[in-house]
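Asker: What follows is the residue order along each chain.
Protein chains: 2
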Amino acid sequence: MNILLREAKKSDMNAVLLLIKELATFEKEADAVELTEKDLERDGFGAQPFFKVFVAEENKEIIGMALFYERYSTWKGRSLHLEDLIVKQEHRNKGVGKELYAKVLHYAHEQKFRRVSWEVLDWNQVAIDFYVSTGARILDSWKVVHMDERSLGGFVERY
Amino acid sequence: MNILLREAKKSDMNAVLLLIKELATFEKEADAVELTEKDLERDGFGAQPFFKVFVAEENKEIIGMALFYERYSTWKGRSLHLEDLIVKQEHRNKGVGKELYAKVLHYAHEQKFRRVSWEVLDWNQVAIDFYVSTGARILDSWKVVHMDERSLGGFVERY
Chain U
1 MNILLREAKK
11 SDMNAVLLLI
21 KELATFEKEA
31 DAVELTEKDL
41 ERDGFGAQPF
51 FKVFVAEENK
61 EIIGMALFYE
71 RYSTWKGRSL
81 HLEDLIVKQE
91 HRNKGVGKEL
101 YAKVLHYAHE
111 QKFRRVSWEV
121 LDWNQVAIDF
131 YVSTGARILD
141 SWKVVHMDER
151 SLGGFVERY
Chain R
160 MNILLREAKK
170 SDMNAVLLLI
180 KELATFEKEA
190 DAVELTEKDL
200 ERDGFGAQPF
210 FKVFVAEENK
220 EIIGMALFYE
230 RYSTWKGRSL
240 HLEDLIVKQE
250 HRNKGVGKEL
260 YAKVLHYAHE
270 QKFRRVSWEV
280 LDWNQVAIDF
290 YVSTGARILD
300 SWKVVHMDER
310 SLGGFVERY
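Residue numbers (my numbering), protein chains in the order written: chain U, 1 to 159; chain R, 160 to 318.
Source of the hints: derived by calculation from the structure; they are not laboratory data.
Certain hints may be false.
To be verified - The calculated label-pair distances, taken between Cβ atoms and stated as ranges, are:
no., chain 1, residue 1, chain 2, residue 2, range
1, R, Arg201, U, Gly154, 33 to 43 Å
2, U, Gly153, R, Asn218, 32 to 42 Å
3, U, Tyr159, R, Tyr318, 44 to 54 Å
4, R, Val285, U, Lys94, 45 to 55 Å
5, U, Pro49, R, Glu186, 25 to 35 Å
6, U, Asp140, R, Leu177, 26 to 36 Å
7, U, Asp140, R, Val285, 35 to 45 Å
8, U, Ile3, R, Val285, 45 to 55 Å
9, R, Glu278, U, Val126, 32 to 42 Å
10, R, Lys197, U, Thr36, 34 to 44 Å
11, R, Ile162, U, Ala30, 39 to 49 Å
12, R, Glu186, U, Tyr159, 18 to 28 Å
13, R, Lys187, U, Arg158, 29 to 39 Å
14, U, Asn59, R, Glu196, 45 to 55 Å
The beta-carbon is built from N, C-alpha and C at its ideal position, and this holds for glycine as well.
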């Protein structure tokens with residue numbers, strides 16, 4: 001295996017978007033991705049980038065990626081949030097995901113973030129067991145809440 | 160009731176920290192707050208602020224606050240995350256929390272965020288019912304995962 005891990009460039013965003021869509025399909029939400037390549041280019045490579053991406057490359061092909069950004073914990077301070085980590089179906093089970101995961105955690109440690117957070121589907125036991133084996137903690141009593149654009153529009157009309 | 164809602168200033172961070180600690184106590188994690196007033200002043204009011212706060216004021220006293228920051232959804236794009244919303248015990252049940260909540264959502268709508276997210280404790284049914292009544296969705300199948308600084312330090316030594 002000859003895998004190169006590196007920070008993504010603007011020209012990688014097409015490959016990154018394909019990976020985002022592959023992950024959404026795995027998560028049974030294939031239609032949820034409204035983001036475009038242009039959005040990723042604008043939002044990740046402007047004067048104030050909203051996220052950072054590491055990609056895994058094999059023979060010039062991008063076979064995996066990890067996308068993350070900063071958050072702020074009122075308990076701990078600056079923290080890093082790993083939004084997506086995905087390896088192409090045909091390249092799984094050879095350690096690429098683990099290398100990307102380690103790269104993000106090493107980056108968080110070097111940058112002195114006080115916490116790294118992410119979210120996992122409760123039926124993805126393989127992932128959960130892996131995370132726990134590396135020292136992460138599953139917060140069983142917290143629920144994620146979302147208000148989407150449409151509900152937000154409805155809310156501001158009513159209140 | 161004569162409540163003023165406004166954006167927080169650097170000099171409000173002492174009051175904001177007391178509210179963060181009150182919320183952590185309510186969440187049965189009183190000792191989890193490692194953040195100091197100095198941290199909040201530095202992180203919220205530097206060249207690149209890591210969060211924004213709205214406070215609720217009554218007779219010059221800060222009686223509630225909402226702290227939030229940007230995230231990035233690979234499905235929707237720029238999103239807003241409401242990290243903390245808290246009203247002082249003795250000022251609850253008079254609508255201050257709902258006003259702060261509405262202010263954050265109006266702000267998110269004006270700024271064209273594509274999603275607002277937050278987290279809720281699964282035993283806080285009053286809060287859950289309120290959120291759902293306003294159009295928010297509880298994501299039952301997602302779990303929050305944290306790796307704290309100590310585990311992160313252990314991880315980078317091993318991998």
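Asker: Hint by hint, note whether the structure agrees.
Answerer: To see whether the hints hold, each was checked on the structure:
no.	hint	result
1	R:Arg201 / U:Gly154: 33 to 43 Å	38 Å, holds
2	U:Gly153 / R:Asn218: 32 to 42 Å	35 Å, holds
3	U:Tyr159 / R:Tyr318: 44 to 54 Å	48 Å, holds
4	R:Val285 / U:Lys94: 45 to 55 Å	48 Å, holds
5	U:Pro49 / R:Glu186: 25 to 35 Å	32 Å, holds
6	U:Asp140 / R:Leu177: 26 to 36 Å	29 Å, holds
7	U:Asp140 / R:Val285: 35 to 45 Å	20 Å, violated
8	U:Ile3 / R:Val285: 45 to 55 Å	49 Å, holds
9	R:Glu278 / U:Val126: 32 to 42 Å	24 Å, violated
10	R:Lys197 / U:Thr36: 34 to 44 Å	42 Å, holds
11	R:Ile162 / U:Ala30: 39 to 49 Å	45 Å, holds
12	R:Glu186 / U:Tyr159: 18 to 28 Å	26 Å, holds
13	R:Lys187 / U:Arg158: 29 to 39 Å	33 Å, holds
14	U:Asn59 / R:Glu196: 45 to 55 Å	53 Å, holds
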